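Go ahead and model the full structure; you've got the sequences and the hints to work with.
Chain by chain, the residues:
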Amino acid sequence: VNREMHANRIFALSVLFLLSGSIVWGGSREARQDIWLVMLVNLVLFSLIVSFYGLLCKRCPGKDLFVLMRTFLPAGLWRMLSFIYIVYAFLIGAVLLWNFGQFSSRYVLWEIPKHVPIFLLVAVCIYGAKKGIKAVCLYASFVFPFVCLFLAVTMGLSIKSMDFGELLPVCYDPALFLDGAYTMTAFPFGDVVLLFSAYGAVSSHTSAYRNHTGAVVCAYGILLLIMVRNAAVLGAPLLGEIDYATYHAMGIIGLEDFFKRIEVLLTFAVVFCDVAKGCIVLIFACQGIRSLCSFSRSVPMEIPVAFVMAGLSLLIFDNNAQLDRFLELFRYVSLPVQLTGPGLVLAGVFFQKRNVKKQKIRNV
Amino acid sequence: VWLLSACSVLAFLYEGKTVWKEKRQKTVYFALWIAGLILLTVGVTDSKEVVCDLAETILKQVKEWRIGT
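Residue numbers (this note's numbering), protein chains in the order written: chain A, 1 to 364; chain B, 1001 to 1069.
Since the hints were derived computationally from the structure, they do not count as laboratory data.
Since the structure is predicted, the reported quantities are computational estimates derived from the model, not experimental observations.
Any given hint could be a false lead.
In silico lysine-lysine, DSS-like type, Cα no more than 27 Å apart, as pairs [to be verified]:
hint, chain 1, residue 1, chain 2, residue 2
1, A, Lys131, B, Lys1021
2, A, Lys160, A, Lys357
3, A, Lys130, A, Lys114
4, A, Lys63, A, Lys358
5, A, Lys58, A, Lys134
6, A, Lys131, A, Lys63
7, A, Lys63, A, Lys114
8, A, Lys131, B, Lys1017
9, B, Lys1048, B, Lys1060
10, A, Lys130, B, Lys1021
11, B, Lys1063, A, Lys130
12, A, Lys114, A, Lys360
13, A, Lys134, A, Lys357
14, A, Lys360, A, Lys63
15, B, Lys1060, A, Lys130
16, A, Lys357, A, Lys63
17, A, Lys130, B, Lys1023
18, A, Lys114, B, Lys1048
19, A, Lys134, A, Lys63
20, A, Lys160, A, Lys360
21, A, Lys131, B, Lys1026
22, B, Lys1063, B, Lys1048
23, A, Lys357, A, Lys131
Following this line, the structure appears as structure tokens:
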């Protein structure tokens, strides 16, 4: 019973992780009204990638990516790959913190500089990462129903403002459509590899595989609905121009004089999702540094690592245009990073298995 | 900023105490701490340009010194 519950908590954590950022950002801007088509293309692509990750979880249950790389790859290669994954985690963390700070200072806490929400998020993530993956899973399973409820309420209230004619014409510009499809593989779904830090904690391999695939499909479903709603409410031209499309789409909702700022529900959902993702990114980066520098588990890495992430988030970007430029480059890095490490590990697993078989035959 | 600085220093002292006795782990651990604190200070005080100018001046001085020797 405990094992199943644990797997369910991982499921909630994975969905929150994948929703983080995208629920407010609204996905690729290039695709405009074809965003739903882009999402379906990405669903097929990521089902394949996640099946591939699931195979790895099934073969080597209870191990994180860094332990797997250390076990199955040559020393030079695993060190280099570990370093790349640590840098990748730092960049993802910086983007997450900056996005959260920018959203908070622009729409929620107008007169407060963005450093304050960033440090509050950092403090919560440090606490979560110090408590460990099981505590983060517990937190995720507790807040997941609330996030679903908030999103369902706002979705239901938007129905009146939707115009599905805005989703036509389908595939109006194939080049932009393909560009949008590729962008979506990098952001928001380019971080799926970081979930290995959570799946390393699952003891049952079958549930890890099932939950990993289920979580991706569930997150895709939720994001698909949100993005279709955004396109139907805002219209294609506006969707291609503005940041934080979901927030603007919700701004249109008005419930007479009773409750005018329904966006507050989105803000809660964003905070819940960002805390989950921040904890995972921090745990992943700490696991990487511990593995690379051969630190014991008792060495407290969370605070300095979180400080480096927060410092990078404040230094790398000055505005949303710089973030866009960064993501332009980042999308070419994201897909190879997601496939290289796990792919090489899987090859190493099969190679080792074949060698063991050969050895047995020789012995006989 | 002052509250953050005070919290950082306290955390540094509290957590650094546990690693201080470890000979091999100490260098990387404290390097990470120092990097984090420097990045955070530069980010919070918004002094990216000041640091870049300082680095440029130091590099120029080093270059001149090397040419001189």
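Restraint check for A/Lys130 with B/Lys1023, where alpha carbons must lie at most 27 Å apart: Since the Cα atoms of A/Lys130 and B/Lys1023 sit roughly 23 Å apart, the hinted pair holds (cutoff 27 Å).
Pairwise hint evaluation, A/Lys63 against A/Lys360, where the allowed Cα distance is 27 Å at most: holds, 26 Å
Satisfaction of hint between B/Lys1017 and A/Lys131, Cα-Cα up to 27 Å: holds, 20 Å
Hinted pair A/Lys131 and B/Lys1026, Cα distance within 27 Å: With a Cα-Cα distance of about 23 Å, the restraint between A/Lys131 and B/Lys1026 holds, given a limit of 27 Å.
Distance restraint between A/Lys160 and A/Lys360, which requires alpha-carbon spacing of 27 Å or less: violated, 68 Å
27 Å Cα cutoff - pair A/Lys131, B/Lys1021: holds, 24 Å
Given pair status - B/Lys1021, A/Lys130, alpha carbons within 27 Å: Measuring from Cα to Cα gives roughly 21 Å; hence the hint holds.
Pair hint B/Lys1063 and B/Lys1048, alpha-carbon separation not exceeding 27 Å: It holds: about 23 Å lies between the C-alpha atoms, which stays within 27 Å.
Satisfaction of hint between B/Lys1048 and A/Lys114, Cα-Cα up to 27 Å: holds, 16 Å
Restraint status (C-alpha distance of A/Lys63 to A/Lys358 at most 27 Å): Given that 27 Å is the threshold and the Cα spacing comes to 26 Å, the pair holds.
Agreement of A/Lys134 and A/Lys357 with the hint, judged by alpha carbon distance not exceeding 27 Å: Between A/Lys134 and A/Lys357 the Cα gap is close to 37 Å, so the pair fails against 27 Å, i.e. violated.
Pair hint outcome, A/Lys130 versus A/Lys114 [Cα-Cα no greater than 27 Å]: holds, 24 Å
Going down the numbered hints, you'll see the structure goes against 2, 7, 11, 12, 13, 15, 20 and 23, while the others check out.
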